[in-house]
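Student: Sequence:
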Amino acid sequence: MPLHLTLTKRAGVLLAGALLAALAGCGAPPFDQADQDLGTQGAATPSASPTVKSPVQVPARPKAIQGLAGMPPVLDPEDVYAADRPGKLSPVVKDFPSRVYVPNTESNTVSVIDPATYQVIETIPVGIQPQHVVPSWDLKTLWVNNNRGHTLTPINPKTGKAGDPVEVHDPYNLYFTPDGKYAVVMASLDRELVFRDPHTMKPVKTVPVSCYGVNHADFSLDGRYFVVSCEFSGELLKVDTARMKVIGQQKLPFSGAMPQDVKLSPDGKTFYIADMMADGMWVLDGDKFTEPKLMPTGKGTHGLYVSRDSKEMYISNRGEGTISVFDFTRNQLTKKWTLPDGGSPDMGGVSADGDVLWLSGRYDSEVYAIDTRTGQQIARIRVGGGPHGLAVYPQPGRYSLGHTGVFR
Numbered sequence: 001m002p003l004h005l006t007l008t009k010r011a012g013v014l015l016a017g018a019l020l021a022a023l024a025g026c027g028a029p030p031f032d033q034a035d036q037d038l039g040t041q042g043a044a045t046p047s048a049s050p051t052v053k054s055p056v057q058v059p060a061r062p063k064a065i066q067g068l069a070g071m072p073p074v075l076d077p078e079d080v081y082a083a084d085r086p087g088k089l090s091p092v093v094k095d096f097p098s099r100v101y102v103p104n105t106e107s108n109t110v111s112v113i114d115p116a117t118y119q120v121i122e123t124i125p126v127g128i129q130p131q132h133v134v135p136s137w138d139l140k141t142l143w144v145n146n147n148r149g150h151t152l153t154p155i156n157p158k159t160g161k162a163g164d165p166v167e168v169h170d171p172y173n174l175y176f177t178p179d180g181k182y183a184v185v186m187a188s189l190d191r192e193l194v195f196r197d198p199h200t201m202k203p204v205k206t207v208p209v210s211c212y213g214v215n216h217a218d219f220s221l222d223g224r225y226f227v228v229s230c231e232f233s234g235e236l237l238k239v240d241t242a243r244m245k246v247i248g249q250q251k252l253p254f255s256g257a258m259p260q261d262v263k264l265s266p267d268g269k270t271f272y273i274a275d276m277m278a279d280g281m282w283v284l285d286g287d288k289f290t291e292p293k294l295m296p297t298g299k300g301t302h303g304l305y306v307s308r309d310s311k312e313m314y315i316s317n318r319g320e321g322t323i324s325v326f327d328f329t330r331n332q333l334t335k336k337w338t339l340p341d342g343g344s345p346d347m348g349g350v351s352a353d354g355d356v357l358w359l360s361g362r363y364d365s366e367v368y369a370i371d372t373r374t375g376q377q378i379a380r381i382r383v384g385g386g387p388h389g390l391a392v393y394p395q396p397g398r399y400s401l402g403h404t405g406v407f408r
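UniProt numbering puts the first residue of the sequence shown at 1, with every later residue one more than the last.
Derived by calculation from the structure, the hints in this document are not laboratory data. Ideal Cβ placement from N, Cα and C applies to all residues, glycine included. Among these hints, one or two may not hold up.
Claimed, not checked - What follows is a list of derived Cβ distance ranges for each label pair:
no. : residue 1 : residue 2 : range
1   : Lys94     : Gly256    : 14 to 22 Å
2   : Arg330    : Pro253    : 22 to 30 Å
3   : Lys251    : Asn156    : 22 to 30 Å
4   : Glu106    : Asp138    : 14 to 22 Å
5   : Lys251    : Ala116    : 30 to 38 Å
6   : Lys94     : Glu167    : 26 to 34 Å
7   : Thr117    : Thr290    : 44 to 52 Å
8   : Pro296    : Asp164    : 39 to 47 Å
To be verified - Derived BS3-like pairs: lysine-lysine, alpha-carbon spacing no greater than 25 Å straight-line:
no. : residue 1 : residue 2
9   : Lys269    : Lys335
10  : Lys202    : Lys140
11  : Lys299    : Lys336
12  : Lys181    : Lys245
13  : Lys299    : Lys335
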């Protein structure tokens with residue numbers, strides 16, 4: 001059952017001699033989705049009276065978050081990934097075996113790797129052109145996106161067994177709204193965002209888009225909107241979650257831009273969008289949705305993955321076989337790791353303990369395991385042809401927003 005988020009109240013107390021002035025806290029301003037742009041709504045901080053000479057200093061508190069109705073409450077307004085700490089597994093998944101699920105787009109299979117041995121232990125036949133393995137919002141199912149087969153194959157992560165495929169047209173990628181109410185299919189070639197029942201996958205609402213190649217997304221801190229990358233037309237969309245409506249669209253300021261993965265900063269203020277043709281990531285103010293700035297990282301920038309302590313982000317540069325490391329606090333790139341013998345690091349995820357970054361080698365039929373403490377390659381594992389959006393599972397978190405595992 002969804003939890004409800006209530007706004008906190010703030011009070012400031014000022015003392016000066018015999019004068020006692022009590023200031024009541026202010027709640028968030030009324031929110032009107034039809035008239036206001038979407039963003040995090042917070043409590044206002046009352047100002048001190050100018051007649052009081054010696055105010056008692058009250059420590060500032062984080063803003064209260066008025067989240068999307070039905071969304072689990074934000075644990076920490078300063079860190080959207082607070083639930084993703086090492087080993088902090090939900091009771092739903094704590095007994096699931098640790099595995100790495102690799103969709104092979106050219107082999108129409110999913111390779112299953114045991115991370116304890118770095119060996120492929122099973123190969124599961126699925127539909128045509130599987131693109132991503134996506135954990136469901138309730139964490140109970142892994143959905144294989146068979147893009148050209150127009151199906152989703154469910155895998156039970158407890159048993160590792162695949163179920164009967166579900167008919168879904170053009171499922172390039174898959175996300176879930178933060179309240180768990182809808183699945184959102186990124187129908188890339190159909191040029192649609194299709195909101196579906198998250199269990200049966202029956203369509204609820206189809207939203208046509210004017211850009212080309214919708215593929216990746218992430219949600220705002222309060223869950224009220226999400227940002228979508230459009231790969232083939234070099235554009236970004238801003239979508240109202242509750243209204244299921246595009247409320248913003250912009251062309252990236254780079255000729256031939258090809259945006260890929262999207263990731264929110266821990267403090268919820270910034271979206272980062274990988275761009276494989278601009279060779280870097282775009283830095284975007286999601287609330288304002290103004291023109292983003294490009295931060296160069298490496299050739300063929302593709303995937304974005306946050307560390308378990310929320311301090312860094314790992315950026316895969318598919319075109320040069322490297323991983324850049326971005327420090328959120330310092331707001332700069334601090335390291336670059338190079339894969340020995342090259343490679344094509346693409347999509348993946350971080351192990352439950354945070355020690356290993358797993359990435360698919362898109363053009364090399366292999367998977368890379370990288371030590372997040374040293375940047376050294378631990379293993380290079382042969383899999384099927386065209387490995388893409390692999391999922392490390394289970395991972396810490398209360399619920400999944402989709403893709404290869406975006407957890408809150």
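Student: Cβ-Cβ distance between Glu106 and Asp138: within 14 to 22 Å?
Tutor: 31 Å, violated
Student: Take the C-alpha atoms of Lys299 and Lys335, compute the straight-line distance between them, and say whether it is at most 25 Å.
Tutor: 15 Å, holds
Student: Holds or violated: Lys202 with Lys140, Cα cutoff 25 Å?
Tutor: 18 Å, holds
Student: What's the verdict on Lys181 and Lys245, does the C-alpha distance respect the 25 Å limit or exceed it?
Tutor: Judged against 25 Å, a Cα distance of about 15 Å means the pair holds.
Student: Starting from the range 39 to 47 Å, see whether the pair Pro296 and Asp164 falls in it by beta-carbon distance.
Tutor: 46 Å, holds
Student: Could you see if the CB distance from Lys251 to Asn156 stays within 22 to 30 Å?
Tutor: 42 Å, violated
Student: Holds or violated: are the alpha carbons of Lys269 and Lys335 at most 25 Å from each other?
Tutor: 23 Å, holds
Student: Has the hinted range 44 to 52 Å been met by the Cβ atoms of Thr117 and Thr290?
Tutor: About 48 Å separates the Cβ atoms of Thr117 and Thr290, which means 44 to 52 Å holds.
Student: Are Lys94 and Glu167 spaced within 26 to 34 Å by their CB atoms?
Tutor: About 32 Å separates the Cβ atoms of Lys94 and Glu167, which means 26 to 34 Å holds.
Student: Given the hint of 14 to 22 Å, is the C-beta distance from Lys94 to Gly256 inside that range or not?
Tutor: 46 Å, violated
Student: Just to be sure I understand the hint, the distance between the Cβ atoms of Lys251 and Ala116 should be within 30 to 38 Å; is that true here?
Tutor: 46 Å, violated
Student: Between Arg330 and Pro253, is the Cβ distance one that fits in 22 to 30 Å?
Tutor: 25 Å, holds
Violated hints, in rising order: 1, 3, 4, 5; the structure is consistent with all others.
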